[in-house]
Amino acid sequence: MSNLAIDAVKAATYDAIVIGSGISGGWAAKEFTGKGLRTLVLERGRDVKHVTDYPTTMMQPWEFEHRNQLPRAVREANPIISKCYAFYEGTTQFFVKDNEHPYVQEKPFDWIRGYQVGGKSLLWARQTQRWSEFDFEGPARDGFAVDWPIRYADMAPWYSYVEKFAGISGNKDGLDTLPDGEFLPPHEWNCVESHFQKQVAARYKDRHVIMGRCAHITKPQPIHLQQGRAQCQHRTICERGCPYGGYFSSNASTLPWAARTGKMTLRPNAVVHSIIYDEKKGKATGVRVIDADTKQMTEYYARIIFVNAAALNTNLILLNSTSNRFPNGLGNDNGLLGKYVAFHNYRAGISAEYDGFLESTTDGRRPNSPYIPRFRNVYKQETGFLRGYAAGFSAGRMSRTNQEGLGASLKENLVNPTLGGWYVGSHMMGETIPKESNYVALDSGLKDPFGIPQLKISIAYDDNDDQMVKDYQEQMTEMFTAAGFKNIRVRDDKRNPGLDIHEMGGVRMGRDPKTSLLNKWNQLHACKNVFVTDGACMTSTSTQNPSLTYMALTARAVDYAVKEMKKANL
Amino acid sequence: MAMAAAGLVSLPAWANGWTRATVQTGKPLLPAVAEALLAEVAETILPATETPGAKALGVHQFIQKIVTDCLEPSAQQTLSKGLTAVESLAQQTYGKAFAAGDAGQRMDVLKTMEQSADADQKAFFGMVKGLTIRGYLTSEYVMTNLTHFEFAPGRYHGCVPVKQKPISAKE
Numbered sequence: 369m370s371n372l373a374i375d376a377v378k379a380a381t382y383d384a385i386v387i388g389s390g391i392s393g394g395w396a397a398k399e400f401t402g403k404g405l406r407t408l409v410l411e412r413g414r415d416v417k418h419v420t421d422y423p424t425t426m427m428q429p430w431e432f433e434h435r436n437q438l439p440r441a442v443r444e445a446n447p448i449i450s451k452c453y454a455f456y457e458g459t460t461q462f463f464v465k466d467n468e469h470p471y472v473q474e475k476p477f478d479w480i481r482g483y484q485v486g487g488k489s490l491l492w493a494r495q496t497q498r499w500s501e502f503d504f505e506g507p508a509r510d511g512f513a514v515d516w517p518i519r520y521a522d523m524a525p526w527y528s529y530v531e532k533f534a535g536i537s538g539n540k541d542g543l544d545t546l547p548d549g550e551f552l553p554p555h556e557w558n559c560v561e562s563h564f565q566k567q568v569a570a571r572y573k574d575r576h577v578i579m580g581r582c583a584h585i586t587k588p589q590p591i592h593l594q595q596g597r598a599q600c601q602h603r604t605i606c607e608r609g610c611p612y613g614g615y616f617s618s619n620a621s622t623l624p625w626a627a628r629t630g631k632m633t634l635r636p637n638a639v640v641h642s643i644i645y646d647e648k649k650g651k652a653t654g655v656r657v658i659d660a661d662t663k664q665m666t667e668y669y670a671r672i673i674f675v676n677a678a679a680l681n682t683n684l685i686l687l688n689s690t691s692n693r694f695p696n697g698l699g700n701d702n703g704l705l706g707k708y709v710a711f712h713n714y715r716a717g718i719s720a721e722y723d724g725f726l727e728s729t730t731d732g733r734r735p736n737s738p739y740i741p742r743f744r745n746v747y748k749q750e751t752g753f754l755r756g757y758a759a760g761f762s763a764g765r766m767s768r769t770n771q772e773g774l775g776a777s778l779k780e781n782l783v784n785p786t787l788g789g790w791y792v793g794s795h796m797m798g799e800t801i802p803k804e805s806n807y808v809a810l811d812s813g814l815k816d817p818f819g820i821p822q823l824k825i826s827i828a829y830d831d832n833d834d835q836m837v838k839d840y841q842e843q844m845t846e847m848f849t850a851a852g853f854k855n856i857r858v859r860d861d862k863r864n865p866g867l868d869i870h871e872m873g874g875v876r877m878g879r880d881p882k883t884s885l886l887n888k889w890n891q892l893h894a895c896k897n898v899f900v901t902d903g904a905c906m907t908s909t910s911t912q913n914p915s916l917t918y919m920a921l922t923a924r925a926v927d928y929a930v931k932e933m934k935k936a937n938l
Numbered sequence: 176m177a178m179a180a181a182g183l184v185s186l187p188a189w190a191n192g193w194t195r196a197t198v199q200t201g202k203p204l205l206p207a208v209a210e211a212l213l214a215e216v217a218e219t220i221l222p223a224t225e226t227p228g229a230k231a232l233g234v235h236q237f238i239q240k241i242v243t244d245c246l247e248p249s250a251q252q253t254l255s256k257g258l259t260a261v262e263s264l265a266q267q268t269y270g271k272a273f274a275a276g277d278a279g280q281r282m283d284v285l286k287t288m289e290q291s292a293d294a295d296q297k298a299f300f301g302m303v304k305g306l307t308i309r310g311y312l313t314s315e316y317v318m319t320n321l322t323h324f325e326f327a328p329g330r331y332h333g334c335v336p337v338k339q340k341p342i343s344a345k346e
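Each protein sequence line maps, in turn, to chains A and B.
In terms of the numbering used here, the first sequence opens at residue 369 and continues consecutively.
In terms of the numbering used here, the second sequence opens at residue 176 and continues consecutively.
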């Protein structure tokens with residue numbers, strides 16, 4: 369090799385490469401740079417800088433051209449993302465448009481993506497419940513998927529570690545189904561929510577209603593102020609990006625922290641094509657990157673590669689990383705890469721009304737709501753279906769406006785609404801069972817605009833999910849009835865998988881290289897310097913919103929990777 | 176709607192904020208005469224009293240914007256046909272242009288449309304009244320001065336006594 373070429377390789381060489389800058393990639397960047405490693409963070413989307421690239425964050429409701437209604441042309445061009453609750457006039461800039469990155473729906477799948485620095489950490493619902501021992505031991509106890517190679521004790525210190533930095537609000541409830549964490553003060557309950565909590569506690573020993581734990585700074589600690597973040601202002605327009613850093617995002621927290629070390633190189637518009645495997649060295653040496661603007665291919669090199677591209681895109685990159693040694697995708701000796709994908713079942717909900725507490729109301733807004741941890745099949749199998757569901761729950765006072773008539777009286781009535789009774793509502797978050805038949809694969813013919821094979825997605829509900837929907841509706845109806853709620857209505861919106869935005873798996877962790885892709889350190893069994901710590905690594909899904917677990921797994925895996933590197937094992 | 180591509184520099188057009196002037200930059204849905212009439216219809220629904228009415232708050236421009244950009248294309252027909260009907264009903268009822276009638280006469284025209292056997296007239300009335308109410312309640316004047324919208328409340332209290340005075344009353 370000429371000196372010039374050697375210099376070029378040197379310039380493109382880092383200690384670590386992190387693919388993706390979302391919730392887990394941001395953590396990998398922070399941890400690697402914090403340990404002194406020169407780290408390249410590759411993001412396929414554009415740059416989004418904290419505050420300055422949140423164009424709608426300070427806009428008042430009347431400043432939106434369509435007062436936050438989606439224009440018809442946007443809806444018609446984007447039938448998939450238009451189904452997402454967080455996609456509205458103020459947030460369209462943070463969603464991947466339907467035609468931008470095509471995929472093949474072998475079965476209907478609403479794939480919601482955020483290609484930008486920060487990824488979906490700008491858009492997430494910010495619920496951060498820990499997993500418990502019941503969740504990690506689930507597959508082994510109930511005989512599905514494979515045994516998790518880790519238990520709660522492995523994760524507990526790492527949950528604490530990420531919670532302190534991210535800023536998690538919550539109450540110490542002392543539940544073995546949902547372990548307590550490092551909490552900032554919890555949000556307040558309203559009268560009807562407290563009433564429901566007491567009624568449920570009085571009637572059911574094993575059912576609890578708690579305040580959700582969420583990634584909002586309710587009382588800033590020095591570590592948050594050092595990040596330049598401030599107390600949450602209860603605007604509840606989080607998806608537009610928060611100028612206070614009141615909720616956790618890569619943009620507000622981990623990425624600026626990593627940048628401050630001087631060790632991070634952040635490269636937006638860098639679409640990763642594949643990971644380079646060196647057969648002589650027996651490990652990965654770098655990544656091939658397509659510049660989103662010029663379509664030029666470049667290579668970058670590092671000793672350690674973390675894949676944090678978001679669950680399904682991580683699968684895509686590994687499947688597309690073929691070599692003589694790995695003709696079916698990197699690390700895919702057992703043919704299981706892309707298989708056993710699962711998600712959360714959000715189909716069912718319930719709503720009702722309550723006519724008590726009419727002398728009380730709420731004041732202000734709350735970016736959070738109460739939460740009902742899983743109570744089905746926890747200590748023993750008690751239903752015809754496996755596993756169970758958690759649920760969100762909330763209540764609020766209805767407002768009634770008299771819109772009769774015309775003229776001055778109508779005008780007067782409009783600005784003087786009267787308070788109605790209370791509405792109450794809940795939605796389910798069901799665990800789905802990973803199955804070989806729920807999979808993603810590369811399409812054999814279709815390519816995306818970068819010439820990369822399109823991802824073929826084949827994921828569906830099964831009978832276990834249907835039974836769970838029915839049980840949620842029955843149990844919640846019973847609990848609502850016991851609490852004296854009236855006019856109870858249950859629903860099953862039969863939404864497509866994907867709209868939960870909790871897709872997981874395909875590169876699962878496990879103890880045995882024959883039946884899993886990753887070991888207990890999120891390291892590919894067959895290619896030790898490649899780690900996967902986003903949703904793709906999940907062996908099972910449990911019921912909790914998964915992001916907190918990705919953060920903890922990432923920090924834990926980086927710690928291990930750097931120790932291994934220092935021992936010259938990587 | 177012309178969505179700005181995910182560019183590094185250029186913000187989507189609407190990110191620069193909406194003013195009554197920018198609303199009119201695109202091709203107008205209605206000719207000037209019809210737009211003036213729509214303003215009078217909205218003003219009849221929510222007239223100026225001691226506070227500004229729909230017309231002064233530009234609600235008719237908001238209505239056109241939503242009808243043009245957000246609703247099904249048939250809504251544009253409903254709007255323009257309905258305005259024609261407003262004018263001819265005014266001529267039939269009180270022999271003058273709608274705008275020339277007094278408040279009572281103008282309200283009678285709209286009430287006739289509300290109760291009309293003609294489905295198009297009914298649909299026009301329902302759509303325009305609904306959008307007038309929405310445009311009014313989401314206007315800067317009303318949210319700032321009358322309903323006291325808080326952009327960043329900084330608090331949530333779960334159980335507070337119900338206030339007896341109406342929300343539009345001054346603190």
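Since the hints were made in silico from the structure, they are not lab data.
These figures come from a predicted structure and were not determined experimentally.
Cβ atoms here follow ideal geometry from the backbone N, Cα and C, with glycine treated the same way.
Each hint should be verified, as a subset may be incorrect.
Label pairs and their computed distance ranges (CB to CB) [to be verified]:
hint	chain 1	residue 1	chain 2	residue 2	range
1	B	R309	A	A569	39 to 45 Å
2	B	F326	A	Q835	41 to 47 Å
3	A	E772	B	Q252	25 to 31 Å
4	B	E247	A	N781	41 to 47 Å
5	B	S249	A	T666	50 to 56 Å
Hint check results:
The given range of 39 to 45 Å is respected by R309 of chain B and A569 of chain A, whose C-beta atoms sit roughly 42 Å from each other. Between F326 of chain B and Q835 of chain A the beta carbon distance is about 45 Å. The supplied range of 41 to 47 Å therefore holds. Separation of E772 of chain A from Q252 of chain B is about 28 Å and conforms to the stated range, judged on CB atoms against 25 to 31 Å. The given range of 41 to 47 Å is broken by E247 of chain B and N781 of chain A, whose C-beta atoms sit roughly 29 Å from each other.
Against the hinted window of 50 to 56 Å, the Cβ-Cβ separation of S249 of chain B and T666 of chain A comes to about 51 Å, which satisfies the hint.
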